[in-house]
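K.L.:
Sequence:
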Amino acid sequence: MAIVWGGDRVAKVSQSLADDFAPGDLLIVMQHNGELLHVPAGAAAKADQAVAAATDAFDRMGDVSDDQITQFYLDFAAAISDDERFAPIAAANASDVDLARVSGRSVTRLILDDTMRASMVAGLEGWASSPSGRGRVVEVIDHDGWQLEQIIDGLGVVGFVFEGRPNVFADATGVLRGGNTVVFRIGSDALGTAEAIVEHALAPALASSGLPHGAASLVASASRASGWAMMGDPRLSLAVARGSGLATSQLGAVARQAGNAVSLHGTGGAWIVAAPDADTQDFAAAIYHSLDRKVCNTLNTVCISRDRVDDLVPALLHALERAGERRAAEPKLHVDPSAMDAVPESWFSAVVPISRADGDVEEPRAEAIEAGSLGNEWEWEDSPEVTLAIVEDVDEAVELFNTYSPKFAASLISSDPEAHSRFFAMIDSPFVGNGFTRWVDGQYALNKPELGLSNWEHGRLFGRSGILSGDSAYSVRIRARQSNPDIGR
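Mapping the sequence shown onto the working numbering, position 264 (from 1) lands on 264, and the numbers just tick up by one.
Treat each hint with caution, since some may be false.
What the hints assert, rightly or not - Label-pair ranges, simulated between beta-carbon atoms:
1. D48 / V13: 22 to 28 angstroms
2. G24 / S119: 26 to 32 angstroms
3. Q68 / R326: 25 to 31 angstroms
4. V13 / A445: 46 to 52 angstroms
5. H318 / H458: 48 to 54 angstroms
6. R422 / V309: 20 to 26 angstroms
Calculated from the structure, these hints are not laboratory results. From the three backbone atoms N, C-alpha and C, an ideal C-beta is built for every residue, glycine too.
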């Protein structure tokens, strides 16, 4: 069957899709590439049910006090802290971890250990102590006989699709602080844990604090299609996706073409640029401290000015080795054509065990990549991976970043204030620094619980920073106060 997309192009329904399609199913046609997404009726129904509950709850949030919302966070945190109430959650998580291991999938972010549990409690207590913002008057405009007030208020239903990290529930409920409601779908590996958290901690906290039952709703489906259905629901006021780059981009595209505002937290990979005057020790420290573990703000690409190759390339390699030693793993270097002559042959000829999600594999320690691949983000487990490019100057590095990167985080190593000013003005990045890249984090940098970090891959964000926090999701309402009843136009 021919399916028209993009106005003047056609996609063909595959035989397998046709065989699987049943009455009541949905077909989402991606208008940017013609991809056909099949949403079974069951998955669509679960998404619809959860969004409907969050929508109904938002209609009642205007009658909920800030003290009730504070109490919700405290009750949620108390449930996670209580060993007896946490026991079934821990058991569900152990089951999820075992199933993931049997399936050969990574469990690095799935294990709800004591550290993650403590961070959940700290995050919830952080939301409890955070100001609401609801009702705050941001501007007053006086007229003859009347006055206008611009007032902060809740935005609406915020939809989240998360990777399989159990602590995301503490993150996602942050938007309730400002009077919003939330609907979320978590990766299938963590679904059992998520359902246990809802049953034994989240739902009881909603009830005890007097918040509407659907104020935080889980899409209880392991199907990725339920995430597509949720993100494409026009009742969302903001669609937030966190996870791997390709999956996050797809979810964002579904939300965009449904008319939903989008905040994506997927593709990252930070860049460090060494200027001609870069201090060698400062450069090496920035490299080392940007590679402690793999998250979105981990160092991915290094650009070194050509006239500093002789000392900064060895400094990079040594820092990369140290980062690997810290994780008891061998590092991996990807070499742009511009840097082939700058890397010792011994790095290309050495075959070492590289830690991957499925286990160690034997690979060359350094490998060439094609020109134009500088933006590839390396999703490593224990073996730190970076790309090296040699540039003529900082301006060339900025041009490469603006062309190939997902426009996320960038640092310039230089002692020249004017160079930093130019770097900040020219580079198309929401997060710019002068040292290690791992500072890009809401809790670490802003002292606020973070819901996610956004890059500028699809353009700059309107009206907020790249760090999404509980106080980032709001709307502005306007109220008129008329003192003279006889005014008119």
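K.L.:
Could you see if the CB distance from D48 to V13 stays within 22 to 28 angstroms?
P.N.:
24 angstroms Cβ-Cβ, so the 22 to 28 angstroms window holds.
K.L.:
Against the range 48 to 54 angstroms, how does the distance between the Cβ atoms of H318 and H458 compare: consistent or not?
P.N.:
violated (37 angstroms)
K.L.:
Check the following: the C-beta atoms of G24 and S119 are separated by a distance inside 26 to 32 angstroms.
P.N.:
violated (41 angstroms)
K.L.:
Looking only at beta-carbon atoms, does the pair R422, V309 fall within the given range of 20 to 26 angstroms?
P.N.:
Roughly 22 angstroms apart at Cβ, these two residues keep to the hinted range, so it holds.
K.L.:
Determine whether the Cβ-Cβ distance between V13 and A445 falls within the hinted range of 46 to 52 angstroms.
P.N.:
Roughly 47 angstroms apart at Cβ, these two residues keep to the hinted range, so it holds.
K.L.:
Starting from the hint 25 to 31 angstroms, judge whether the C-beta atoms of Q68 and R326 obey it.
P.N.:
Cβ of Q68 to Cβ of R326: about 45 angstroms, so the range 25 to 31 angstroms is violated.
Against the hints set out earlier in the document, violations occur for numbers 2, 3 and 5.
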